[in-house]
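Please take these sequences and the hints and turn them into a complete structure.
Read off the chains here:
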Amino acid sequence: MKIGRRCFLSFLIGGAAGTALTPLPWKLTDDLSIWTQTWPWTPVPPDGEINYVNSTCMLCSGGCGITVRKIDDRAVKIEGMKDHPVNNGGLCIMGLSGLQLLYGPRRVKEPMKRVGERGEGRWEKISWDAAIAELAQKLNTVRGSSPESVACITDESFGTVPHLFKRFMAAYGSPNLMITPTIQDSYEQTLKLMQGVDGIPGFDLENSKFVLSFGCGILEGWGSSSRMFQAHSRWTETGGKLVQVEPRLSVTAAKADKWVSLNPGTEAVLALGIAQVIIKDGLYNKDFVEKHCAGFEDWEGEDGKKYQGFKNFVLEAFTPDTVARLTGVSANMIQDLATNFVGAEKPIALAGRGKGYTPGSLHEFMAVHALNALVGNINQEGGVWTLDRPDYIGWGEPAQDPVAQKGNGTPRIDGAGTERYANTRSMVNTFAEAVNNGAAVEVLLVSGENPCYTLRGGEAVKKAFEKIPYIVSFSPYMDETAAGADLILPNHTYLERYQDVPAPFGLPIPIIGMTRPVVKPQCDSKHVGDTLILTAKKMGGSVRDAFGWENYEACLKETLGDLWGTLESDGFLVNADYTPPAWDMAFGDESKKFQFFNESYAHGNNKDIFSQLRIEGDPGAFPLILVPAESMRIASGPVADTPFVMKTIPDNVLKDKEIFVEVNPATAAAYGLRDGKSAALSTPAGRARVRVNLCEGIRPGMVAMATGLGRSANSRYIANKGVNFNDLIRPVPDPISGLDSAWGIRAKLERA
Amino acid sequence: MSAIEEKKAKTDSGAGFILLFFILGLVSSLLTGWVAFPKLLYSQKSQPFDFNHAIHLDMVDGCESCHFFREDGTYAGVPKLAQCIDCHEEVQGGTEDEAIFVEEYVANYREVPWLIYSEQPDCVFFSHAAHVKSGGMDCVTCHGNIGTSTSLKPYEENRITGYSRDIWGKNIAGIKKNTWDRMKMDDCAACHRENGVKQNSVQTHKGACFVCHK
Numbered sequence: 000m001k002i003g004r005r006c007f008l009s010f011l012i013g014g015a016a017g018t019a020l021t022p023l024p025w026k027l028t029d030d031l032s033i034w035t036q037t038w039p040w041t042p043v044p045p046d047g048e049i050n051y052v053n054s055t056c057m058l059c060s061g062g063c064g065i066t067v068r069k070i071d072d073r074a075v076k077i078e079g080m081k082d083h084p085v086n087n088g089g090l091c092i093m094g095l096s097g098l099q100l101l102y103g104p105r106r107v108k109e110p111m112k113r114v115g116e117r118g119e120g121r122w123e124k125i126s127w128d129a130a131i132a133e134l135a136q137k138l139n140t141v142r143g144s145s146p147e148s149v150a151c152i153t154d155e156s157f158g159t160v161p162h163l164f165k166r167f168m169a170a171y172g173s174p175n176l177m178i179t180p181t182i183q184d185s186y187e188q189t190l191k192l193m194q195g196v197d198g199i200p201g202f203d204l205e206n207s208k209f210v211l212s213f214g215c216g217i218l219e220g221w222g223s224s225s226r227m228f229q230a231h232s233r234w235t236e237t238g239g240k241l242v243q244v245e246p247r248l249s250v251t252a253a254k255a256d257k258w259v260s261l262n263p264g265t266e267a268v269l270a271l272g273i274a275q276v277i278i279k280d281g282l283y284n285k286d287f288v289e290k291h292c293a294g295f296e297d298w299e300g301e302d303g304k305k306y307q308g309f310k311n312f313v314l315e316a317f318t319p320d321t322v323a324r325l326t327g328v329s330a331n332m333i334q335d336l337a338t339n340f341v342g343a344e345k346p347i348a349l350a351g352r353g354k355g356y357t358p359g360s361l362h363e364f365m366a367v368h369a370l371n372a373l374v375g376n377i378n379q380e381g382g383v384w385t386l387d388r389p390d391y392i393g394w395g396e397p398a399q400d401p402v403a404q405k406g407n408g409t410p411r412i413d414g415a416g417t418e419r420y421a422n423t424r425s426m427v428n429t430f431a432e433a434v435n436n437g438a439a440v441e442v443l444l445v446s447g448e449n450p451c452y453t454l455r456g457g458e459a460v461k462k463a464f465e466k467i468p469y470i471v472s473f474s475p476y477m478d479e480t481a482a483g484a485d486l487i488l489p490n491h492t493y494l495e496r497y498q499d500v501p502a503p504f505g506l507p508i509p510i511i512g513m514t515r516p517v518v519k520p521q522c523d524s525k526h527v528g529d530t531l532i533l534t535a536k537k538m539g540g541s542v543r544d545a546f547g548w549e550n551y552e553a554c555l556k557e558t559l560g561d562l563w564g565t566l567e568s569d570g571f572l573v574n575a576d577y578t579p580p581a582w583d584m585a586f587g588d589e590s591k592k593f594q595f596f597n598e599s600y601a602h603g604n605n606k607d608i609f610s611q612l613r614i615e616g617d618p619g620a621f622p623l624i625l626v627p628a629e630s631m632r633i634a635s636g637p638v639a640d641t642p643f644v645m646k647t648i649p650d651n652v653l654k655d656k657e658i659f660v661e662v663n664p665a666t667a668a669a670y671g672l673r674d675g676k677s678a679a680l681s682t683p684a685g686r687a688r689v690r691v692n693l694c695e696g697i698r699p700g701m702v703a704m705a706t707g708l709g710r711s712a713n714s715r716y717i718a719n720k721g722v723n724f725n726d727l728i729r730p731v732p733d734p735i736s737g738l739d740s741a742w743g744i745r746a747k748l749e750r751a
Numbered sequence: 000m001s002a003i004e005e006k007k008a009k010t011d012s013g014a015g016f017i018l019l020f021f022i023l024g025l026v027s028s029l030l031t032g033w034v035a036f037p038k039l040l041y042s043q044k045s046q047p048f049d050f051n052h053a054i055h056l057d058m059v060d061g062c063e064s065c066h067f068f069r070e071d072g073t074y075a076g077v078p079k080l081a082q083c084i085d086c087h088e089e090v091q092g093g094t095e096d097e098a099i100f101v102e103e104y105v106a107n108y109r110e111v112p113w114l115i116y117s118e119q120p121d122c123v124f125f126s127h128a129a130h131v132k133s134g135g136m137d138c139v140t141c142h143g144n145i146g147t148s149t150s151l152k153p154y155e156e157n158r159i160t161g162y163s164r165d166i167w168g169k170n171i172a173g174i175k176k177n178t179w180d181r182m183k184m185d186d187c188a189a190c191h192r193e194n195g196v197k198q199n200s201v202q203t204h205k206g207a208c209f210v211c212h213k
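Protein chains in written order, with numbering that gives the first Met the number 0: chain A, 0 to 751; chain B, 0 to 213.
For the record, the hints were derived by calculation from the structure and aren't laboratory data. For every residue, glycine included, the Cβ atom is placed at its ideal position computed from N, Cα and C. Errors might be hidden in some of the hints.
[Unchecked claim] Here are the simulated distance ranges between beta carbons: (1) Y108/B <-> T565/A: 30 to 36 Å; (2) D121/B <-> G671/A: 41 to 47 Å; (3) R121/A <-> F68/B: 50 to 56 Å; (4) N107/B <-> T35/A: 53 to 59 Å; (5) E110/B <-> P468/A: 46 to 52 Å; (6) Q136/A <-> C65/B: 52 to 58 Å; (7) R68/A <-> D185/B: 30 to 36 Å; (8) G393/A <-> D85/B: 41 to 47 Å; (9) W25/A <-> G15/B: 29 to 35 Å; (10) T35/A <-> C65/B: 33 to 39 Å; (11) S150/B <-> A16/A: 38 to 44 Å; (12) A16/A <-> G15/B: 17 to 23 Å; (13) S150/B <-> R121/A: 50 to 56 Å; (14) K44/B <-> W25/A: 21 to 27 Å.
[Said to hold, decoys possible] Which chain B residues stay away from chain A? Per the calculated CB distances, all over 10 Å, these: (15) D49; (16) A53; (17) I84; (18) V201.
[Unchecked claim] In the DSS-like style, the derived pairs of lysine-lysine whose C-alpha atoms are separated by at most 27 Å in a straight line are: (19) K290/A <-> K310/A; (20) K176/B <-> K26/A; (21) K676/A <-> K646/A; (22) K519/A <-> K79/B; (23) K165/A <-> K208/A; (24) K183/B <-> K26/A; (25) K208/A <-> K279/A; (26) K169/B <-> K462/A; (27) K213/B <-> K69/A; (28) K26/A <-> K79/B; (29) K205/B <-> K183/B; (30) K345/A <-> K165/A; (31) K38/B <-> K213/B; (32) K152/B <-> K536/A; (33) K79/B <-> K44/B; (34) K132/B <-> K26/A; (35) K290/A <-> K208/A; (36) K44/B <-> K176/B; (37) K205/B <-> K38/B; (38) K720/A <-> K747/A; (39) K26/A <-> K175/B; (40) K79/B <-> K69/A.
Structure (structure tokens):
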């Protein structure tokens, strides 16, 4: 007898029957269903106690309050802080995804010293003691010969951290501290020139009923984005109107009640054209203009010269026909805009293009601000207010030894504060050019900024940074500047550190926000304030003497004094009842009046300055005009998008690694460009390969490119995607302020 | 022997073999299913160190002294180091487990990585507050007489799901004698039915599966 097929089958049948009588099939089915519903590789946050920390976001200068939800010691969600005076519970996508900066791969995990070639990415990890000793020794060595050759680029004007940098540079002996200017600087200079006040602007937009925006990216990150979104919703709900003046259909233009498309760069002309109609028709606020303004009518100066006032200046030079020809906006439309603006209950005119990162033309700001004066909304509900600069830091000037005195007495390399640009604090836009022209910079300290990415000028910026022998970055992230630095002393991220954040741009009430540690430092980083204090102590001498504090936290507590308690418990301190000074007290000039024009900047003999905002490039070689397209979905400042936010960029802006440019179909047809096809974009500053996105929303003859892309460092989620707009444009100094006023550049687009 | 008889005998012995193999298959699969399978399915893990519930319960006032509800109503579960540290800053008594606890965890402020016998899969939403505070249930109904135990049993981890054996129950056939022997979905459902619990989720107002699977 042999064991055959039947036996085998019988064994199998027996096995099957037996298996059915065991729990095995049922248990396995059950386990597999649990396994498939809770895949083991799906991340599950550990369970624990839910707790919340109130802090302030520092990803832009908006100063939004945040509430971070934590499970035990791990932060799991950032939300807008409810009832916060800036953002009232709202938050932008970048702020919401900030945890990816905290826990993500782009952190600099410990102090690092370059060992390979610059930018090669070869680093040696060093201890904090060694890093600070190296920096102190380097600074002491340079101080021996030329302290002024140490320069510093930082991001903020107010608060203790920028003041520590100011103090450090003053005690060290270098005037070359450059705080990156924005439209805040342009507005401050506008207030200085027209209102005679050293203050900061506030816009009572929540109460405005008619907003005439000259290219402000109200829904693209201008000011505190959450506040602006909420203000926009409020206008929609309460019948307020938004008129957007802009040559391309931005998100703001698309969501506005009216979009006025005009020739690029003629915003100031349109503002004066509207002013002309208002004056000609006698529609201006006579109470304000006649009693509280100077320079409106022609006047005779103390020097005996006759000066043309604002009234006759615009009546003569900015007739609707002239303005219509220059701007491309019809005379009827100009008339309508003027009538609607003055006829509205609480009108306001705003300047500062896009997100407001480029300071812009001061003439444009002044022309727009003149409209506010004509309707008398200065310091009125729904209008433009002035606020004092925060003044709670009362450290006094540090003692300067002879070396520091000598160094501080040398002229700034960027030309700010000279007779020509007397009101300008710093002009980082001229930094690269100055270095390339031979200005000696032995050491560059960079904090809170990323000039290798954000400075305009492409090759010139790269060349300048190559010339600087020693670059120190305090960035918590491996950004473009850190990647090209010689020493990185990583700061804590904004979710790991204390810092005061006063006076967000445009808020009409004084506020100090407090950023504080949400979690303990995740890497071997150190607060930049502590790094500065320790470096000063290590350096010794008068620099050490200027920093008596034990550490940054002690410095902050001492500086804030009685304010500390409220800031610690609430996360912010606000004077919600602030009212700006009345008209008779509002203007700081001797005349106590608002100055449409005065002797120092009367433009009676300089009319064309308004009619032509300068743009670089030869129209023959570069027939088109390239302008930036800014978006809430692309962070274009020092800190790049988080991976989450990168995922929100539409395919017609960035697809894989390729960037698209907006081109009007008529322009595309003229140059033989087809939708989605590759093209070569060149400007006097650089070249890039792009793809074409045909778009009816942009004026013919223009090209718009997204800003904030084309990062080379950071992480694989961000790097090498698209093109850096800043490489294709060069700064153009404004004739009054010297600040960068380049709103575009001439360009050429060819089939590739 | 005739050819027919010969064939019959052959067939008889063939049938015997077939039956034998049937039985072999049956027995081996029964053994596999009842004996080998549970051993293969679960891996045994020991807790970081042993813990005596009985001693602690004598000193405190009920389970909730250590396994408490937080102020916001959430349930704290297994105690954190911060709760133990008041008494255990120094070594108490002479057991080896106590020494491990104090030296390895308390001294280094390291949380003890306890293995939790009653942890439900992540897809289940379970609120202790709803059961204990609102429903008035006691701990024993689901967790058994753990409070009187003097040592921790080995933790058996399901190799497929990664969860504890206590969810399915010690009995591989799923037979239970006590309410705390098993913590499967059917046990939840049976109790909810018996007690006429509200059939919709408080949070989402949805019924059926969505009471627990949100």
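Consistency of the hints with the structure:
Evaluation of the 30 to 36 Å hint for Y108/B and T565/A yields a pass: the beta carbon distance comes to about 32 Å. Separated by about 57 Å at the C-beta atoms, D121/B and G671/A break the suggested range of 41 to 47 Å. Distance hint check for R121/A and F68/B: the Cβ-Cβ separation is about 54 Å, which falls inside the suggested range of 50 to 56 Å. For N107/B and T35/A, the hinted distance range of 53 to 59 Å is not satisfied, since their beta carbons lie about 39 Å from each other.
Evaluation of the 46 to 52 Å hint for E110/B and P468/A yields a pass: the beta carbon distance comes to about 48 Å. Taking the beta carbon of each, Q136/A and C65/B are about 55 Å apart, inside 52 to 58 Å as hinted. For R68/A and D185/B, the Cβ-Cβ distance of about 34 Å falls inside the hinted range of 30 to 36 Å, so the restraint holds. Distance hint check for G393/A and D85/B: the Cβ-Cβ separation is about 44 Å, which falls inside the suggested range of 41 to 47 Å.
A C-beta distance of roughly 33 Å is found between W25/A and G15/B, which places it inside the suggested range of 29 to 35 Å. At about 35 Å, the beta-carbon gap between T35/A and C65/B stays in the expected band of 33 to 39 Å. Our hint of 38 to 44 Å for S150/B and A16/A holds, since their Cβ atoms are close to 41 Å apart. Separation of A16/A from G15/B is about 18 Å and conforms to the stated range, judged on CB atoms against 17 to 23 Å.
Between S150/B and R121/A the Cβ separation comes to about 55 Å, which falls inside the hinted range of 50 to 56 Å. A C-beta distance of roughly 25 Å is found between K44/B and W25/A, which places it inside the suggested range of 21 to 27 Å. Remark: the non-interface label on D49/B is consistent with the geometry, its nearest Cβ contact in chain A lying 23 Å away (cut-off 10 Å). Consistency note on A53/B: stated as away from chain A, and its beta-carbon is indeed over 10 Å from all of that chain's, at 26 Å minimum.
Separation of I84/B from chain A is adequate, the least Cβ-Cβ distance of about 16 Å exceeding the 10 Å criterion. With a minimum CB-CB distance of about 18 Å to chain A, V201/B clears the 10 Å threshold, and the non-interface call stands. For a cut-off of 27 Å, the pair hint linking K290/A to K310/A stands: about 15 Å separates their Cα positions. Restraint check for K176/B and K26/A: the C-alpha separation of about 19 Å stays at or below 27 Å, so the hint holds.
In summary, the hint linking K676/A to K646/A is supported, as the alpha carbons are separated by about 23 Å, within the 27 Å threshold. Proximity of K519/A to K79/B is assessed by CA-CA distance (about 19 Å); at most 27 Å being required, the pair is judged to hold. Using a Cα cut-off of 27 Å, the hinted pair K165/A and K208/A is violated, with the two alpha carbons roughly 41 Å apart. A distance of roughly 12 Å separates the Cα atoms of K183/B and K26/A; the hinted pair therefore holds under the 27 Å criterion.
Taking the CA atoms of K208/A and K279/A, the gap is near 24 Å; set against the 27 Å cutoff, the hint holds. Restraint check: the Cα-Cα separation between K169/B and K462/A comes to about 72 Å, which exceeds 27 Å; the hinted pair is violated. Restraint check for K213/B and K69/A: satisfied, since their Cα atoms lie roughly 21 Å apart, inside the 27 Å limit. Distance restraint check for K26/A and K79/B: the Cα-Cα separation of roughly 34 Å exceeds the 27 Å cut-off, and the hinted pair is therefore not satisfied.
For the hint linking K205/B to K183/B, the alpha-carbon distance of about 21 Å falls within 27 Å, and the restraint holds. At most 27 Å may separate the alpha-carbon atoms for a hinted pair to count; K345/A and K165/A exceed this at roughly 40 Å. Among the hinted pairs, K38/B with K213/B is inconsistent with the structure: their alpha-carbon atoms are about 34 Å apart, more than 27 Å. Between the alpha carbons of K152/B and K536/A the distance comes to roughly 58 Å, so the proposed pair goes past 27 Å and is violated.
About 21 Å separates the Cα atoms of K79/B and K44/B, which keeps this hinted pair within 27 Å; it holds. Annotation: proposed proximity of K132/B to K26/A is violated, straight-line Cα distance about 33 Å (limit 27 Å). A threshold of 27 Å between alpha carbons decides the hint, and for K290/A with K208/A the separation of about 25 Å falls inside it, so the pair holds. Restraint check: the Cα-Cα separation between K44/B and K176/B comes to about 25 Å, which is no more than 27 Å; the hinted pair holds.
Annotation: proposed proximity of K205/B to K38/B is violated, straight-line Cα distance about 40 Å (limit 27 Å). For the given pair, K720/A sits about 22 Å from K747/A by alpha-carbon distance, which is consistent with the 27 Å threshold. Distance hint between K26/A and K175/B is fulfilled; the C-alpha atoms sit about 15 Å from each other, no more than 27 Å. Among the hinted pairs, K79/B with K69/A is consistent with the structure: their alpha-carbon atoms are about 16 Å apart, no more than 27 Å.
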